[in-house]
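Undergrad: Sequence:
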Amino acid sequence: MLQVYAAASGDLLAAVPVLELDQNAPFRSLKKWLQRHHGLPEFMCQLVHGTGSKAVQLQADAELRSLVSAEVNVELDLLLLPHPPDGQPFSSKQKGEALHCLCAFERLQAARALIQGSANPDFRLSRLTPLDVALNNSRWEVVRVLLEGGASKVRDVELGPNINKELDGMTPLFKASKTNDVQMLRLLLMARADTNKPCGIDYDTPLGIACSQGFAKSAAMLLEVGASIAKPFGSEPLLRACREGHTNVVSLLLQHRADKDQVFRPVGCTPLSVACEYARVQVVQLLLERRANPRKVFNEREPGPLYMACQTGNREIVELLLQAGVCTDQACGFDLDVPLQVASRQGHHEVVELLQQANASSDIVGPAS
Numbered sequence: 001m002l003q004v005y006a007a008a009s010g011d012l013l014a015a016v017p018v019l020e021l022d023q024n025a026p027f028r029s030l031k032k033w034l035q036r037h038h039g040l041p042e043f044m045c046q047l048v049h050g051t052g053s054k055a056v057q058l059q060a061d062a063e064l065r066s067l068v069s070a071e072v073n074v075e076l077d078l079l080l081l082p083h084p085p086d087g088q089p090f091s092s093k094q095k096g097e098a099l100h101c102l103c104a105f106e107r108l109q110a111a112r113a114l115i116q117g118s119a120n121p122d123f124r125l126s127r128l129t130p131l132d133v134a135l136n137n138s139r140w141e142v143v144r145v146l147l148e149g150g151a152s153k154v155r156d157v158e159l160g161p162n163i164n165k166e167l168d169g170m171t172p173l174f175k176a177s178k179t180n181d182v183q184m185l186r187l188l189l190m191a192r193a194d195t196n197k198p199c200g201i202d203y204d205t206p207l208g209i210a211c212s213q214g215f216a217k218s219a220a221m222l223l224e225v226g227a228s229i230a231k232p233f234g235s236e237p238l239l240r241a242c243r244e245g246h247t248n249v250v251s252l253l254l255q256h257r258a259d260k261d262q263v264f265r266p267v268g269c270t271p272l273s274v275a276c277e278y279a280r281v282q283v284v285q286l287l288l289e290r291r292a293n294p295r296k297v298f299n300e301r302e303p304g305p306l307y308m309a310c311q312t313g314n315r316e317i318v319e320l321l322l323q324a325g326v327c328t329d330q331a332c333g334f335d336l337d338v339p340l341q342v343a344s345r346q347g348h349h350e351v352v353e354l355l356q357q358a359n360a361s362s363d364i365v366g367p368a369s
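Start counting the sequence shown at 1; every next residue gets the next number (UniProt numbering).
Rather than coming from a laboratory, the hints here were simulated on the basis of the structure. All of these numbers come straight from a predicted model, not from anything done at the bench. A few of these clues could be false.
Below, simulated SDA-like cross-link-like pairs (lysine to any residue); rule was C-alpha separation at most 25 Å, straight line [what the hints assert, rightly or not]:
hint : residue 1 : residue 2
1    : Lys32     : Asp77
2    : Lys32     : Gln94
3    : Lys217    : Lys296
4    : Lys296    : Leu286
5    : Lys32     : Leu79
6    : Lys153    : Asn180
7    : Lys153    : Gln109
8    : Lys217    : Asn248
9    : Lys153    : Arg186
Modelling step: build the complete structure from the supplied sequences, incorporating the hints.
TA: Given below as structure tokens:
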């Protein structure tokens, strides 16, 4: 058995069965094994047997073969060379290839040292950059090391000063949020992409599009780094999540202090009235559990929650609103109708029956506060 220790720390790096090596070329085979299993670049590895004055740098198959035949367990120390044995510097290609190996196997200190030694952090190998390698393997500490070292290329995205530049009408962060690419999203957030930059036809934000699509994980990641729950123009994230029925996203936004009774302008609706309009039963239930005001109406010309529920005819939502203490006689909407008139006009007989059981009036009264 060959036991390979990291010379810098003394930690056991690998225990390599001798039978797994090519017996005709065990020294080269061992280096290839270390690269394949531990990402250690073959040309940077120096293997040493013994300590002090008895230390021997292995350079040939015969030397390793001799050790294996003489000892049951052979202990070797491994050093990563800063330059080839001949003293000449590593080529740019060698450094780039080495950086790819180190990133794939999360060798942080060695990768950092290589970058500091002028390795190109954006070196492409088979069209992939080191950031691509780290991203594909979810090596987030490696991503951090690469970003600190000036890496700026991942997939088709340019980081650094161009990280918020639009491509096909979208910033990279907006695109990652829209497609729920949480891996890319995390990397872009680590690279300090602008979480609130709007773009696209609707001038939307990354959080807005994530909430609209129901991507709770993407939305959570954006909120954790301080993305604004308000939108500069158009509809806010909470409105869109309520409208689309994404209960988990609504819950997430409320946890981050979104106003459950916010009046969305210019439309004049509330989260509850929007959820009622689109018959989102679970969202209505959640909002009421969080004590959303079922009587909140922007002005008497805007339809309130019960008005919208009666118009759509959703019996379950009407029951929830009645249990929450909604005013059954509140006149609102463009026609200033009371809920009973709305349900009757739409032919929703079960809702009419519910309202009558709740002693709802068909007479118009002033708007509730």
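Undergrad: For Lys153 and Gln109, compute the direct alpha-carbon distance and say whether it is at most 25 Å.
TA: Answer holds: Lys153 to Gln109 is near 21 Å, not above 25 Å.
Undergrad: Would you mind confirming whether the straight-line C-alpha gap from Lys296 to Leu286 stays at or under 25 Å?
TA: Answer holds: Lys296 to Leu286 is near 16 Å, not above 25 Å.
Undergrad: Verify the proposed pairing of Lys32 with Asp77, using a straight-line Cα cut of 25 Å.
TA: Roughly 16 Å between the alpha carbons, so the hint for Lys32 and Asp77 holds.
Undergrad: Is Lys153 close enough to Asn180, meaning Cα to Cα at most 25 Å?
TA: holds, 20 Å
Undergrad: Is it true that the CA of Lys32 sits at most 25 Å from the CA of Leu79?
TA: holds, 15 Å
Undergrad: Starting from Lys32, check that the Cα of Gln94 is at most 25 Å away, please.
TA: holds, 15 Å
Undergrad: Are the Cα atoms of Lys217 and Lys296 separated by 25 Å or less?
TA: violated, 31 Å
Undergrad: Holds or violated: are the alpha carbons of Lys217 and Asn248 at most 25 Å from each other?
TA: Given pair Lys217, Asn248 holds - Cα atoms ~10 Å apart, limit 25 Å.
Undergrad: For the pair we were handed, Lys153 and Arg186, check the Cα-Cα distance against 25 Å.
TA: holds, 15 Å
Hint compliance for this structure: hint 3 alone is broken.
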